[in-house]
Amino acid sequence: MSDDLVQILDGNTFVVSDRRGDIEASLTDPTGLFSFDTRFLSKWVLTVDGQRLNPLSVDDLAYYETRFFLVPGTGTVYVDAKLSVIRRRVVGGGFREYLTILNHDEKPVELAVRVDAASDFADLFEVKDALAKKGRYSSRIEDGRLVLSYDRQTFSRSTVISATAPAQVDKNGLTFKVRLEPHGAWATELEVDAAAAAVEQTRRSRTTRNARRENMERNLERWVAQAPRVECDWEPLKVTYRRSLVDLAALRYSPPITPGKSLPAAGLPWFMTMFGRDSIFTSLQALPFTPELAATTLRVLGLWQGTRVDDFRDEDPGRILHEARYGEMTAFEERPHSPYYGCADATALYVVLLDEYERWTGDKRLVRELEQEARAALRWIDEYADLMGNGYVSYRRRNEETGLENQCWKDSWDSISFRDGRLPGFPRATCELQGYAYDAKVRGARLAREIWHDPTLADELEQQAAGLRRRFNRDFWVEDGEYFALALDENGNQVDALSSNIGHLLWSGIVETSKAKAVAQHLLGRRLFSGWGVRTLAEGEGRFNPVGYHVGTVWPFDNSFIAWGLRRYGFKQEAAQIAAGILNAAAFFDGRLPEAFGGYEQKTTKYPVQYPTACSPQAWSTGAPLLLLRTMLGLEPIGDHLIVDPELPSGIGALAVLDIPGRWGRVDAFARGDIDLGGRRGLQPQLGEPAQAAARRRRG
Amino acid sequence: MVAITDATTTFFRELGGRGREPLLEKATGTVRFDLVDGARTERWLVTLQKGDASVSRKNVNADCVVRTTKAVFDAMVKGEVNAMAANLRGELVLEGDAELLVLIQRVLPSPPKQREGGVKEQR
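Chains X and D, in that order, give the protein sequences. Note that my numbering has the first sequence beginning at 6, numbered continuously upward. Note that my numbering has the second sequence beginning at 12, numbered continuously upward.
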C-alpha cells in the first residue's frame, strides 16, 4: 500500500484517501469508504473555485480520525496562502467530515466550495479481482440529502450524504456558496452514511453517532490504560508496544450478529472481518495483555461453529470458520463466505486457545460454557479431518470453484512444495496441522480431567496424543536433513522442503526431545534465518524467493510463535535472537510490523524490505511484539502463579512489564540484560543476540 | 385451518417436540418468525429455554423477529437457503437479538444436493 494513502477505520468501516483527503477510485484501487466489505464512496473530491487543493500536512489524531491541512494552489512550488482549508474526518458507521475554511486576507472573499461524490458499490472481492457489477445504480435528492443507491433484486445498499450548512445538492455532489469576511472562518459538517438496510436494522441518529464517537475516544484511552505498562531502556520497544496496543484497538471488530462483542479482525484494508485462524493466533499473542480478546474470540467462533455438511462452504460439524464476508458476492453465493469454513487449523487451535486462556485467567466458567463446542472441535479432528485415513489431519477443498486450495496459514497456491519445487497433490497433511492436533488433544485432556470431570475422555485424548506424537516423529522426520517434512502428500510421501513450519512444531510440543536441537539449529541456521527472522521457506529450496509470499519472506507472526516454541524446549537464547531480529525490524516501521517483509540477508539490505502488497496494520503482526515480550520474559502461568524466566537480547539493559492481568490478579515482571562492557549501546541502536550466545560463538 | 404439512410446519412441530437439544443450550429467549405468503403473514413463536424449545402461533413481542417470505423459509428449513446469505441479500430481515437466529440455524439441515454455488437470478 502506497505511503500517501491515509487510512482511518472503525470496525469494518474504513476510509482510504490521498493526502488531500480526496478519493478517486478506479474499480481495482483499494481507495474509498468501505463498510461491510462494500465500497460506499468511490469518489469524494473537494474543490474551491474549481481548484483542487494542496496538502500541507496530515495528522493522524487517532486511529479513527485524521486531519488534513490544505491550501488552494496551482500545483507549483509557490503556494498562495490567503486561504486555509482544514478537513477533519472521523470514521464510524460511515464518516463525518468537519470542513473549515479560514480567510487570512484583509479583504472579504466569495468562494464556490464543491464536493463531488459518487459510489460504485463494489464488493471487496470485485476490487481485488476486477469483476463487473450486475445491479442498477441510481441517485436522488431527498430532503436536501444526496442519496446514492445500488440495487440487485432484494439486495440494496445506499450512501446518504448531508451537510449542516446550506448547500445546493445535485446528483453528483454538493456546492456551497461561501462568503468569508476578512480573517473570517466558515465551517460545515458533512455526513456520509453507509447504509446496508437489511444488515443493519437500526439507523443510528446523529446524536447516537456523537455518543458513539465519544465512546470510541474513552474506549481507546481505557484500553491503553488497562493494558500492562512496559518500561524499557531500549526506546523503540516502548514505541512498538504502544503502537501494537493502539493498532489492536483499531482492529477490534464487532460482528453485526454479536454487537458489543469484539474480536480481532485480521487486517486492513482487505481483512476487516471474522477470521478463525487470525483471530485465534492474535488472541493467543495478546493473552498476557488483553485476555478479554480471547474470551470474545472463543464465544463468537463457537457461536458460528459448523453443524452441517455443506460442500459449497466446506463446512463440517464441529469445524471452526475460516472467514465471514458481508458483500454482494457473498450475498448471492458467488463466494462461499457466509461463512466459509475451509481451513484445517482453526478447529484444533480453538481448543488450544481455550486451554491457554484458562491457564492465564482461571476463567473456568467459560471453559464449562464452551464444553460442547470444544468437544465438537476435538471430534472434528478425528471424524472429519483425517481425509486419508492415516491418522493425520489433511485438507482438500470440496468447493472446487471458489474454495481455498491451501487450508493452512500458508494459503497461497505455491506455498507447499517439495525440495525440487514440485507441488504435491491433494489431500495434503502439512506438518504444523499435526502439531496443533496433538496440542489440542493434550490440552483438551487437561480440560476434560480438571474442568469437565470426564476422566474417560481425558485418558482417551492422552492416548491418542501419545500415539500421534510417536507416529509423527517417525513419518515426518527427514533423515538426511534432520528436520520435519513440510507435509505428507496424497500418497503419504514426505513433502521434503525445509520451512518455518518446523518452528510451530516446537510450539505445539509434538517434537521428541532428541530431535529438538536439530530443529532449533535449522531455525537459526543460515538457510532459514535472515538476521531479521526465520524465512517461510529455506534458501536453496526449489521455490525459494525472498519476496515470495509464503516461499521466502519473513512473517513476524510466524516468528513470534517460533520464539515461543524455542522457549518451550529451553532454547532461551535462540528465542531472544528471534525477538531481537523482529523488534529491530519493527523499529524501522515505527513500531508497526507489516504482514511480511523480504527474506533478504540482513547484511545485504541493512533494513527490512516490506513485502510489496502486504496489508498493514495486520492483527497477528500487531500481536507479534506482544508475544515476543512474553517469550523474552519467559512468562508462563503455573497453577495460580506467573513464572518469570527472562532472557533478553543484548542492547536491552532493563525490561519491565507492569500489571500483567491473570488468575493471580495483577503482577509485575522484571528482567535485566547483560551489562554491555563495550559501552556500545549508544552507538548501536539495534538489538543483538544474547551476550552469552555471542560469547559462546566467540569461544567456538 | 387447512391440514397441509408443509416444510415449515414440519420443522416447527419437530423443533417443539424434540425435547432437550444440546445445540440450543446457549439460547434463552423468544424468536418470532413472520413469514409473508402473499397477502397473509404466518407467525410462529419459538421460546427457547436452555435447550428446550416450545413453539406456538402467538403474535406477541419477541427478543428476535425474523421476517421473510414463506417460500424462502420453506427452502431454509430444507437446507436449500443459507440464512446469512439471505440476510445479506435482503430476503430475510432481522430485528433484535440476532444471536438467537444463529443458534436456531444450528438445527437446520445440510443442503440436500451439494452444489457449486451461485444463486439463480430471479425474474
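Wrong hints could be hidden among the right ones.
[Unchecked claim] Quick partial rundown of chain X residues pointing at chain D, CB under 10 angstroms, derived from the structure:
no., residue
1, 168
2, 169
3, 308
4, 310
5, 318
6, 320
7, 333
8, 336
9, 374
10, 461
11, 476
12, 482
[Claimed, not checked] A few chain X residues facing chain D, derived, Cβ under 8 angstroms:
no., residue
13, 144
14, 159
15, 161
16, 331
17, 337
18, 338
19, 377
20, 431
21, 464
Since the hints were derived computationally from the structure, they do not count as laboratory data. These numbers come from a predicted model, not from an experiment. C-beta atoms are modelled at their ideal positions from N, C-alpha and C, and glycine is treated no differently.
Structure-based check of each hint:
Because the smallest distance between the Cβ of residue 168(X) and any Cβ of chain D comes to about 29 angstroms, over 10 angstroms, the interface hint for this residue is violated. The beta carbon of residue 169(X) comes no nearer than 31 angstroms to any beta carbon in chain D, farther than 10 angstroms, and the hint placing it at the interface is violated. With a cut of 10 angstroms, the hint placing residue 308(X) at the interface with chain D holds, because the nearest CB-to-CB distance is about 6 angstroms. For the restraint placing residue 310(X) at the interface with chain D, the shortest Cβ-Cβ distance is roughly 8 angstroms, inside the 10 angstroms limit, so the hint holds.
Restraint check, residue 318(X) versus chain D: the minimum CB separation of about 8 angstroms is within 10 angstroms; hint holds. Using the Cβ-Cβ criterion of 10 angstroms, the hint placing residue 320(X) at the interface with chain D is satisfied: the shortest such distance is roughly 8 angstroms. For the restraint placing residue 333(X) at the interface with chain D, the shortest Cβ-Cβ distance is roughly 8 angstroms, inside the 10 angstroms limit, so the hint holds. Interface restraint check for residue 336(X): the shortest CB-CB distance to chain D comes to about 4 angstroms, inside 10 angstroms, so the restraint holds.
This hint holds: residue 374(X) has a C-beta 8 angstroms from the nearest C-beta of chain D, less than the 10 angstroms allowed. A least Cβ separation of about 18 angstroms between residue 461(X) and chain D goes past the 10 angstroms threshold, and the interface hint is therefore violated. Here the hint on residue 476(X) is broken, as its CB sits about 32 angstroms from the closest CB of chain D, past 10 angstroms. Checking residue 482(X) against chain D: minimum C-beta separation of about 38 angstroms lies over 10 angstroms; hint violated.
For residue 144(X), the shortest C-beta to C-beta distance to chain D is roughly 19 angstroms, which exceeds 8 angstroms, and the interface hint is violated. About 4 angstroms separates the beta-carbon of residue 159(X) from the nearest beta-carbon of chain D, less than 8 angstroms, and the hint is met. The closest approach between the C-beta of residue 161(X) and any C-beta of chain D is roughly 6 angstroms, which is under the 8 angstroms cut-off, so the hint is satisfied. Restraint check, residue 331(X) versus chain D: the minimum CB separation of about 6 angstroms is within 8 angstroms; hint holds.
Given the 8 angstroms rule on beta carbons, the hint for residue 337(X) holds: about 5 angstroms separates it from the nearest Cβ of chain D. Interface restraint check: residue 338(X) against chain D, minimum CB-CB distance 5 angstroms, threshold 8 angstroms, status holds. At its closest, the beta carbon of residue 377(X) sits 6 angstroms from a beta carbon of chain D; the interface hint therefore holds under the 8 angstroms criterion. Of the supplied interface hints, the one on residue 431(X) is violated, with its beta-carbon coming no nearer than about 18 angstroms to a beta-carbon of chain D, more than 8 angstroms.
Interface restraint check for residue 464(X): the shortest CB-CB distance to chain D comes to about 23 angstroms, outside 8 angstroms, so the restraint is violated.
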